[in-house]
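Participant: Knowing the structure of chain A, use the given hints to seat chain B on it.
Quick mapping for you: the protein sequence lines, in order, are chains A and B. Counting with full-length UniProt numbering, you get residues 1 to 766 for the letters of the first sequence. Counting with full-length UniProt numbering, you get residues 1 to 73 for the letters of the second sequence.
Among the clues, some could well be false.
Stated by the list, open to error - Dumping the calculated PhoX-like pairs for lysine-lysine here, alpha-carbon to alpha-carbon at most 20 Å:
id, chain 1, residue 1, chain 2, residue 2
1, A, K65, B, K45
2, A, K123, A, K214
3, A, K680, A, K691
4, A, K250, A, K235
5, B, K38, A, K61
6, A, K285, A, K212
7, A, K50, B, K13
8, A, K703, A, K680
9, A, K723, A, K691
I should point out that these hints are in silico values taken from the structure, not numbers from a laboratory.
Next come the chains, spelled out residue by residue.
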Amino acid sequence: KESKHKHKRRHRYSDSDERSRNRENSEERQSESRNRNGAKIKTEQPDAEKSESLSIDETNKIRAKLGLKPLDIGNSQSEDGVKLNSDENFVHAPAEDLAEKKKQEKLREKIMESKKKREIAKKMSKVRTLGEVEEDSAADWVVKSRMAQQQREQDEKMMKLGDEFGVSDLIKTELGSKSTAHDYTERDLAGLSVEHSLESFREGRNEILVIKDKEILGSDEEDVLHSLNVDDVEKSKKNMEIKRRGVGYKAYEEEEIDDMGFFKAKVVLGKYDEEIEGEQITKFKIGASGKVDASWVQQKEEMKQVSCIRAKGESLSLPPLKLANEYLTEEDMRFKKRKRKVKKSRKREVFKADDLLPLPGSSEGLSNHGSRFVLCEKEQYLPSYSALRMLWFWFLTFAQIIPPLHIPRNSTKPEDKSGTNDGESSQMNNKDERNVIEDDDDAINDLQRALDKSRRAKQKKADAAADEGAQKVAQHLHNLTRVKLEKPDEQFTNTLFLNATDEFCRHFNLMSPLILFNNCTTTGAQVPVKQEVKQVEDMDLDEDNSDEDDTQMSKWSSVNPGQEVKHTVPTQENIVKFKKSLKKLTKFSVLEHAPIEAEPLAANGLMGALKLAERKGYLQDEQKKGNQIITTNLDNIQAKYYSIEDKNAVDYLDKYAHEKYSKERNASITVDFTEKKDYKPQISIEYVDEKGRNLSAKEAFRKLSHRFHGKGSGKMKQEKRMKKLTEQETMLHMSSTDTPLNTVAMMKEKQRSQSSPYIVLSGAGK
Amino acid sequence: MIEITCNDRLGKKVRVKCNSDDTIGDLKKLVAAQTGTKADKIVLKKWYTIFKDHISLGDYEIHDGMNLELYYQ
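Chain A on its own, in the form it takes in the complex:
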């Protein structure tokens, strides 16, 4: 309790303290309010807190300094405290007043009605009502009518008189001039419109037209005439049309044909046109003198009759079928065969030099351009020579030294006068009657030049040259053949001749006989052939020379490309040496290190043959195969004394030993016990059933699965199984010699008991 009191007291004290504190604080604050300068200023203010405020001007100054826009002075608004359409104060638009609406509507109607009335009244004011007729007195009317009667009688009399005398027309005109106002003629009808189409009025028929009824208050339209009969007719037509069309919507309307035979244009939802647009009324106006121009109707009728203007419809009926004629008729024969224009394939006319007109003064056709077979004027002196020449050419061609003449096709032959003649050939024909064979073979031209030369040379000599002709032919021939071998002769100068084949051979160290020959004869050169010194067999050689040659030939040598290969003249000495070297070549059978070896000759006896065979691979040398490595017996190189400390030990410095650390690896790889390495036990597990018999695998599994699933087989199955088992047992106990029912044993028993070798079979019945 005391504590509570204390608390209360404390609270009270605390409250009062707080209040006093607050007061103090506020006083302090007031007293200690600081200026911008930092000096303490004691403000003389009452207890209530007062806030500082700046005037608008001062505020504006500060704002300007700060970069803000000046104060927005909206005094009226701020005084009211209410700003229209600001967020707090909206004024909703007033709701629609339905009563007002109705009132307005009524007003509007009224106004309209009164307007209409006014208009009608205005109209009616023009019309004279019955009541407005000039009312004369009865007496006046009597007088009037009497006057009218009299007049009429007079007219009739006049008419009669006129009829009698035949002057009715005159009288009529006289009368007419008086009473034009009363007579009603065609002209009175001018300007009126008739509400029918002209086509409904037939020629020769009279129709009575009546003014159509109009509404009393209707518009100020003109009077319209119409005929009742025609109206009826038109109505009936319309009705028939409607009947024909039928009721309902036809999606696929058939094409309609108008009166001229053309198809009518299809209109979308044509049946509503009348409703939307209103009835189409055909009218025509009566002309000035009361006449109507109806000529166009007749024209239209005529046009319809004329078939060419009318749209031609195609009839679907085909022309009637008729039997075909077996024989051609006149009509069929009328068809002429068309002439086919034969295309002449004309070659372009090749402009040749021959086409050119010859220069004036030059001999045409007689010029000899060096043709072979043309008999030259010069040669006429030496007929034999020309003959020889011919012979010679023939001989050359025969020897195929010069290619055989090939005569171009365009050459003219007297036999070749076929129907197809080109322009060229005809020209050719015309030009020369002599057979001119012109060849373009250069070799022959060269030959000809040569021939000319020789000819001229010979002409200078005596005529006896004719006899030597043959000899000269032979020599010339010889010269020709010699021409080809000129090149090797030139080699005997001091120049290097590079031959592709020589280079090739040099590259491969082949021994071309020419090189060898040359090498043999030259002193400085060395033969790039390695030969075994041992196998040198000198048979027919001078030993002095052979030694020399051996030393030269026994080493590897390089050929200097810059070196001049000297080719020597084929003297007798050189030839001998060459022969020697060749012989050597043949003897040196083994050229092991040459890339391409010459095949050793097997003619040097058994050794040679053996070598050849060996090289070719016919022999199988077992010793050579001792070089192969035998990998089956590795005991020599296997370590014998070693111990495995810890197979699963992992070197912690081994950064690639991640696999070893992983658990999976350990789990999967199992290592056998090292002690039990050679332990291979024979395992046989036997399963036993209740009776103690051993179970087969199938039965054992069956037992296992029964135990696993918690249920065995059903009754039937069990019985079946029992039956089976008993059968098996009986099978076991079955005797091979006896029947299952032990018939033989029983028989034997019976025999023993009866002590008789037979048994009496007695039936059950007896």
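Facilitator: Coordinates of chain B only, in the frame set by chain A:
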């Protein structure tokens, strides 16, 4: 033009004239000019709502004569 009273409950009470489309930042500058503090040291609050600098007074619905709490950061 509206007049707002800013009171920090420690003796400073200022009445500031400004437009309603001025931002709080501008208001703070005005208050700073009047009180003698720095504008970025001022925090204007109403209960726990701190007024953000970039929003205008009109958007905050600060009307004439309202009291704001003046704190310092």
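Participant: Taking the hints in turn, state whether each one holds.
Facilitator: We went through each hint and held it up to the structure:
1. K65/A to K45/B: Distance of about 26 Å is beyond 20 Å: violated.
2. K123/A to K214/A: Since the Cα atoms of K123/A and K214/A sit roughly 15 Å apart, the hinted pair holds (cutoff 20 Å).
3. K680/A to K691/A: 33 Å, violated
4. K250/A to K235/A: 24 Å, violated
5. K38/B to K61/A: 18 Å, holds
6. K285/A to K212/A: 15 Å, holds
7. K50/A to K13/B: 7 Å, holds
8. K703/A to K680/A: Not satisfied, since the Cα-Cα distance of roughly 29 Å exceeds 20 Å.
9. K723/A to K691/A: This hinted pair holds, its Cα atoms lying about 15 Å apart.
In the structure shown, a violation is registered for the earlier hints numbered 1, 3, 4 and 8, in ascending order.
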